[in-house]
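Q: One-letter residues, chain by chain:
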Amino acid sequence: MNSNVVKIDKKIKQRLCDLANSSYPCECCAALFTKTDGSIDECCELTNTSSSNNRYSIDPVELYECESSYRKKGYEITGFFHSHPDAPAVMSEEDEKNVIPAMLYLLAPVTKEGCGRMRLWIMDSRKEA
Amino acid sequence: MRVVISATLRSFFERKTEFQTDKNTVSEILSELTDSFPDAKKGLYDQNGDLRSFIRIFADGRDVTDASEHEKTLEGVSELLLLPFVAGGAPEEKLISDERIKEISLDDKDIDRFNKHLLLREIGVKGQKRIKAAKVVVAGAGALGSPVIQYLAAAGVGTIKVIDADVVSVGNLQSQVIHSSRDVKRPKVASARDTIRNIDRNITVIDENQMLTSENVLSLIEGFDLVIDCTDNYKSRYMINDACILSGIPLVFAAIYQYEGQVAVFGYDDGPCLRCLYPEPPEPGLVPTCAEGGTISPLAGIVGSIQANEALKLIIGCGEHLSGRLLSIDTMGIRSSVLNISKKHQCPLCGSSPSITHPEDIDYEDFCGLKREEEKESSVEGLTPEELAHRIENSEKLTIIDVREPHERAIVKFPDALVIPIGQLARRQKELDPQVDTVFICKEGKRSILAINTLREAGYKGPLYNLKGGMDAMKDIIFSHEGGGL
Numbered sequence: 001m002n003s004n005v006v007k008i009d010k011k012i013k014q015r016l017c018d019l020a021n022s023s024y025p026c027e028c029c030a031a032l033f034t035k036t037d038g039s040i041d042e043c044c045e046l047t048n049t050s051s052s053n054n055r056y057s058i059d060p061v062e063l064y065e066c067e068s069s070y071r072k073k074g075y076e077i078t079g080f081f082h083s084h085p086d087a088p089a090v091m092s093e094e095d096e097k098n099v100i101p102a103m104l105y106l107l108a109p110v111t112k113e114g115c116g117r118m119r120l121w122i123m124d125s126r127k128e129a
Numbered sequence: 001m002r003v004v005i006s007a008t009l010r011s012f013f014e015r016k017t018e019f020q021t022d023k024n025t026v027s028e029i030l031s032e033l034t035d036s037f038p039d040a041k042k043g044l045y046d047q048n049g050d051l052r053s054f055i056r057i058f059a060d061g062r063d064v065t066d067a068s069e070h071e072k073t074l075e076g077v078s079e080l081l082l083l084p085f086v087a088g089g090a091p092e093e094k095l096i097s098d099e100r101i102k103e104i105s106l107d108d109k110d111i112d113r114f115n116k117h118l119l120l121r122e123i124g125v126k127g128q129k130r131i132k133a134a135k136v137v138v139a140g141a142g143a144l145g146s147p148v149i150q151y152l153a154a155a156g157v158g159t160i161k162v163i164d165a166d167v168v169s170v171g172n173l174q175s176q177v178i179h180s181s182r183d184v185k186r187p188k189v190a191s192a193r194d195t196i197r198n199i200d201r202n203i204t205v206i207d208e209n210q211m212l213t214s215e216n217v218l219s220l221i222e223g224f225d226l227v228i229d230c231t232d233n234y235k236s237r238y239m240i241n242d243a244c245i246l247s248g249i250p251l252v253f254a255a256i257y258q259y260e261g262q263v264a265v266f267g268y269d270d271g272p273c274l275r276c277l278y279p280e281p282p283e284p285g286l287v288p289t290c291a292e293g294g295t296i297s298p299l300a301g302i303v304g305s306i307q308a309n310e311a312l313k314l315i316i317g318c319g320e321h322l323s324g325r326l327l328s329i330d331t332m333g334i335r336s337s338v339l340n341i342s343k344k345h346q347c348p349l350c351g352s353s354p355s356i357t358h359p360e361d362i363d364y365e366d367f368c369g370l371k372r373e374e375e376k377e378s379s380v381e382g383l384t385p386e387e388l389a390h391r392i393e394n395s396e397k398l399t400i401i402d403v404r405e406p407h408e409r410a411i412v413k414f415p416d417a418l419v420i421p422i423g424q425l426a427r428r429q430k431e432l433d434p435q436v437d438t439v440f441i442c443k444e445g446k447r448s449i450l451a452i453n454t455l456r457e458a459g460y461k462g463p464l465y466n467l468k469g470g471m472d473a474m475k476d477i478i479f480s481h482e483g484g485g486l
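Residue numbers (my numbering), protein chains in the order written: chain U, 1 to 129; chain H, 1 to 486.
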């Protein structure tokens with residue numbers, strides 16, 4: 001498998017899309033999981049603890065509980081998903097400040113018309129999903 | 001005590017997520033971890049040695065991330081958690097703030113006129129209001145300025161300032177479609193203003209019929225949201241770039257040459273600037289100006305339209321921008337490519353310790369060969385076309401050196417001229433006879449001055465003359481052996 005390609009399960013992509021749409025105009029966030037080969041095969045919605053429409057933050061303890069419960073089912077956390085309401089799917093300054101190396105960041109641009117083409121980012125390089 | 005590390009941080013700890021430790025303060029445990037795992041130090045701490053902003057430490061559920069907790073003894077604690085704080089958000093910065101568009105309204109005529117914009121979901125009423133609120137400077141009403149000004153006007157940009165010191169000439173009409181035959185000899189800004197008014201009388205047009213200088217550039221762009229560089233020379237490009245970065249105004253840059261064009265967005269959202277790409281303008285004589293190199297007629301339309309499109313996307317706040325990227329288009333091969341430009345810490349303008357703090361007044365004109373020959377009279381001896389013609393007619397012994405590019409020579413050849421590119425002059429100076437007068441010719445009599453100075457610097461002692469006004473000025477000379485003409 002080409003290491004520059006990260007696969008995402010179609011159903012998971014649809015779930016994330018729905019989540020982005022239903023949260024609009026607020027940002028939403030989720031953790032992304034892989035079974036074995038690095039592809040995104042599972043996701044788990046997380047509470048956005050930020051009160052602002054165009055910010056998200058995840059409670060570290062909630063995230064830890066989530067990754068622990070999925071680990072028991074054989075999943076490993078591989079990255080994060082969040083939406084950018086009315087903004088392009090590029091890493092913002094705020095995003096970059098908190099980026100964890102080697103984690104995947106999947107971004108969905110979303111408007112009131114729906115969720116646009118998602119893009120996947122990993123520290124310092126860009127990949128298409 | 002058990003130390004548990006979130007799997008998100010596993011890359012720093014060789015993929016391990018759990019350890020036992022007998023240490024009992026946070027700082028001891030952290031140094032134990034960084035000692036055991038070389039990657040952990042880089043992952044947990046920033047360059048200043050501070051814990052990275054996304055790290056959180058919990059002792060049995062209590063947040064002990066703050067440095068003041070690190071030396072305290074962790075009594076009775078059974079589990080220390082090392083977790084990430086994941087946060088971020090959509091980019092917030094908008095060129096035209098929501099506050100400003102509150103004061104803008106669209107009337108029925110606007111709804112009719114901009115219907116095609118209102119249909120686009122990324123633009124809509126909100127986007128059209130942003131366009132109407134926008135104040136844009138277009139530097140240069142020439143080839144690139146023609147499509148830029150007309151599309152910005154058609155799109156409904158509320159305030160457009162056009163800066164250009166030139167008047168329209170017949171030769172401009174091949175690519176500068178904002179002007180027409182009737183405008184020849186009129187200031188370009190006057191012609192541009194009329195065109196904008198013909199498109200939409202509601203647009204506020206400010207025409208500045210003056211040269212951009214290091215003294216006036218800052219005040220000319222002050223209070224505007226965006227600057228579009230449609231100039232054709234390095235002096236202006238660097239001056240505009242510097243002024244935009246110093247004023248914090250984003251810049252849409254473009255350049256065209258023959259069949260190729262480049263577009264980039266500079267100084268937007270902490271992105272790079274022109275000097276991150278090229279810290280200094282190119283060496284004199286290396287790059288012929290657009291005026292000397294020529295361009296195919298629609299090229300400016302293609303490149304300028306992309307510039308206008310980038311400008312509108314920046315104003316609306318949609319799409320992806322050419323910030324940090326340089327688009328190159330080759331219309332001959334019908335190919336395009338995008339080159340990534342990274343922001344340079346050592347950039348003399350927007351880097352961490354900039355050396356440029358005000359618009360520079362380097363004598364670009366001098367080394368770009370733009371300076372009028374009168375000003376250089378003292379250093380270079382010149383011949384008028386009439387004097388040269390007279391000496392040729394009298395069969396005086398002369399060496400004539402043509403320093404023009406091959407495509408220029410293809411238009412008009414100079415009979416019996418020796419062709420030597422400027423770059424080869426120094427080493428080929430032996431081909432010249434110091435006992436014989438040598439005359440240098442080019443298209444406009446500018447690069448030939450450069451050629452003479454180059455040769456002098458290389459130590460050539462013989463007499464050197466410049467053909468004033470170049471081949472362009474020779475057009476009116478008719479040699480008697482050519483039959484007298486009309």
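Just so you know, these hints were derived from the structure itself, not from any lab.
Backbone N, C-alpha and C define an ideal beta-carbon position, used for all residues, glycine too.
Just so you know, not all the hints are guaranteed correct.
[To be verified] Taking CB as the label site, the calculated pair distances span:
hint	chain 1	residue 1	chain 2	residue 2	range
1	H	24	U	74	30 to 38 angstroms
2	H	334	U	65	52 to 60 angstroms
3	U	18	H	42	36 to 44 angstroms
4	H	325	U	101	21 to 29 angstroms
5	U	10	H	108	29 to 37 angstroms
6	U	65	H	248	37 to 45 angstroms
Q: Against the earlier hints, flag every one the structure doesn't satisfy and list their numbers going up.
A: 5
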